[in-house]
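Take the sequence shown: its position 4, counted from the start at 1, is 32 in the numbering used here, and no numbers get skipped.
If you're looking for bench data, these hints aren't it; they were derived computationally from the structure.
For each residue, glycine too, the CB sits at the ideal point set by N, CA and C.
Treat the hints with caution; some may be incorrect.
Computed beta-carbon distance windows for the label pairs [what the hints assert, rightly or not]:
| no. | residue 1 | residue 2 | range |
| --- | --- | --- | --- |
| 1 | L104 | W74 | 35 to 43 angstroms |
| 2 | W74 | R101 | 30 to 38 angstroms |
| 3 | L111 | M51 | 51 to 59 angstroms |
| 4 | M51 | E71 | 19 to 27 angstroms |
| 5 | K108 | M51 | 52 to 60 angstroms |
| 6 | K108 | A131 | 34 to 42 angstroms |
| 7 | V118 | Y68 | 44 to 52 angstroms |
| 8 | H123 | V87 | 48 to 56 angstroms |
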Amino acid sequence: MAEEMLLKFLPFLIAGGLLVGAMGIVGWVYTTRLRIKHGYPLEGTWGQTVYPKTDQESVERIKLLSQENAQLRAELGSIKDRLGNVEKIVVEDSHKLGAEIEALRGPAN
29 MAEEMLLKFL PFLIAGGLLV GAMGIVGWVY TTRLRIKHGY PLEGTWGQTV YPKTDQESVE
89 RIKLLSQENA QLRAELGSIK DRLGNVEKIV VEDSHKLGAE IEALRGPAN
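Please build the complete structure, drawing on both the sequences and the hints.
What follows is the structure, encoded as C-alpha cells:
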C-alpha cells in the first residue's frame, strides 16, 4: 500500500526535485551575472580569484594608486607633526597665561 502511494506521487517528487535544481542553477547564473556587471571578482572552484585579469592597464593603475597612497601617508605624517606642535603651544601658553593673571592679582591680603 505504501509503495502504491509512493508510485502515485513519484512524478511530482521528481518534478519538484528537478525544479529545485533548476532554480539553483538559475540563481547561480544570475548571481554571477550581477558580480560581472558590478565589477566584483569571480571565484573559481577553490576560492581563487578569476577576475579581474592582470593586464598592463591594471598594473599601471595599481602603481599610480600606490604612489598616491605613499604621498598621502607622508602628508598625514607632516600634519600630525604640525598638530602636535600646535597642541604644545596651546598648552604651554595657557599655563603661562594663568601664571601671569595670578601675578597681576598680586599677593593675597
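For each hint, the structure was consulted:
Between L104 and W74 the C-beta distance comes to about 38 angstroms, which sits within the given range of 35 to 43 angstroms. Evaluation of the 30 to 38 angstroms hint for W74 and R101 yields a pass: the beta carbon distance comes to about 35 angstroms. Roughly 58 angstroms separates the CB atoms of L111 and M51, a value that falls within the hinted 51 to 59 angstroms. For the hinted restraint 19 to 27 angstroms between M51 and E71, the CB-CB distance of approximately 21 angstroms keeps it satisfied.
In this structure the hint that K108 and M51 lie 52 to 60 angstroms apart at CB holds, the actual value being about 55 angstroms. Between K108 and A131 the beta carbons are some 35 angstroms apart, a value that agrees with the proposed interval 34 to 42 angstroms. As the Cβ distance of V118 to Y68 is approximately 48 angstroms, the hint placing it in 44 to 52 angstroms holds. Our hint of 48 to 56 angstroms for H123 and V87 holds, since their Cβ atoms are close to 55 angstroms apart.
In terms of the numbered hints stated before, the structure departs from none.
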